[in-house]
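Undergrad: Assemble the complex: chain A is given as a structure, and chain B must be docked to it using the hints.
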Amino acid sequence: MLTFRVSVVAALSNLEADVRVFGEWLGSELKLPSRGHALALFAIVLIGAALRVTGLDHPMRFDESDSFLHTVLTDWFNVWTDYTVPNNHIFYNLLAHLSVLTLGETATAARLPTLLAGIAIIPVLFFVGRALFGTHAALLAAALVSGLPALVDYSTNARRYMLITLLFLLAIVPTGILQQRRSITAWGVIAVLMTAGLFTVPTMLFAFGTILLMVLLAATPTRRKPLIFESIGVVALCGFASIVLYLPPAMRCTWDAIISNRYVQPVTLDRALGQIAKSLNFASTTSVEPALLLWAIGLGLSPRACQSEEDC
Amino acid sequence: MGNRARIVSTRLPVGRRLLVALIIPAAAICVAGRFIPPPRVLLYMLPIIALLSAAGLVQLTAQIVKGRAERVYSWIAVAASLLLAIHLTATRNASPGFDQRFYQQIERAANSLAPSVKSSSLIIAPVPINHPLQYELLQLGQTRRAVIDPRHLRRGRSLKDRNKVWIVRTHPEFKSDRWQLNTGQFDLTRSALSEFTAPRLVRSTEFLQVWVADRR
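Chains A and B, in that order, give the protein sequences.
Everything in the first sequence is counted per my numbering, starting at 1 for the first residue and increasing by one.
Everything in the second sequence is counted per my numbering, starting at 1 for the first residue and increasing by one.
Honestly, I wouldn't trust all of these hints.
[Unchecked claim] According to the in silico footprint, chain B covers these stretches of chain A (three or more CB under 8 Å from chain B):
hint	stretch
1	27-41
2	137-146
3	157-168
Read the hints as simulated data drawn from the structure, not as lab findings.
Here a beta-carbon is modelled for each residue, glycine too, at the ideal position from N, C-alpha and C.
The following block holds chain A by itself, in its conformation from the complex:
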């Protein structure tokens, strides 16, 4: 009994130290940029936010109005358990339900979580980008996402897309410390974000896979093996948490309703390429070629990109 108590106390104090180290590391990662960069980032976030807020008056689209009428306007239990159609992005709709209860039964209230996520993506991408490529690339990337029509549109569409994107970007932040040392707190943060994403939509699995690949590909030889085992542990934890969270809808509507989406059908190559080009274009009515050329040049040079300003 005494041994058990000693090991619990040791584990708790280890955890406390782990949280403290993670907090210090995070503080240094999120340190504000220089005054010039901070002002530029602030201006970009403001422009991106204004662009998104003005799109809030777009009439309700089909999927979001379906979700609004048949899920968001019902009660908490129904939002959590009704999976008769895969249109219910549960975690998003729980947030939208809370927003509607607080602000009233309007499109703006239902779109508020996606709007906030869409705006938050801009500064979060800046901090993620700064850690990976330095401040200049991070600032340019923030500027690009602030006005990219695809991201602006989805920021005013009461659906999962911006929430998933934000959770994915947030989960990249703690991966930095994992390359240096073992951090239960960093894995805990990733696990919470990924479980929230999986609870929104099962296809978050792909974003989860992307995060794990980023962690494993960045690992130094000494950290590679431990990271593989730690990744397996986190996958198991998130899998278990997701199964528990999906149990009520599965009991009401079967597991098949959750894992097989009959509405998402493969599309033709032409249509997919057209939609991808449209997502990368800077405005829906202008020619896509200049935008694609810019993306191609940037992506083509990215394998040789500098990791910081000093390296350039």
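TA: Frame of chain A, contents of chain B only:
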């Protein structure tokens, strides 16, 4: 210095490993989605693609702006953001996209229907009109069950006690690769309305038509 060189030599450069980390899940999504899934499934990657492109562009221009990089990149970023915002707003105001025009017409149809719809009326509207129309009617004070999909139309049940039926459908000449349109459903609806007068067209726009039929 020696330690840094050793680490760099054993790891992929960040740009390459990010590309690999995007390409493998994209391939997995294609396999899971039976070849080509709708690109919106890949939307979560878009900010990272923007970051990679931005890093590439910085690599390209690094030698030119050396020495005053902070100021130059800050101005370029703010200017790019502002130009994108102005361009997007201007092009959308000048010519609203398909989505905007389509759903605006539903909004207008709801505005025109709302004063005429009584509790003894029924509105029949197929996908993708039904839910947006119902939402707009709800905002205008109509009950939530005002609109039904023609697939759920049960002759003698939904139509029982109804004196007037409004039918909102897409314009027959309107073509879309996004929505499978509903001429067949409209014919089905008309065949279910045997106790009503022949539907007459009361409103026609670029995308929508509103028809009305009264009980005989």
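Undergrad: All hints are to be evaluated individually against the structure, with a verdict given for each.
TA: Hints, one by one, checked against the model:
Judged by the Cβ-Cβ criterion of 8 Å, the stretch 27-41 of chain A is covered by chain B as claimed, because 5 of its residues qualify and three suffice. For the stretch 137-146 of chain A, the stated coverage by chain B is satisfied: 10 residues place a CB nearer than 8 Å to a CB of that chain, which reaches the threshold of 3. With 4 residues having a Cβ less than 8 Å from any Cβ of chain B, the stretch 157-168 of chain A passes the three-residue criterion, so the hint holds.
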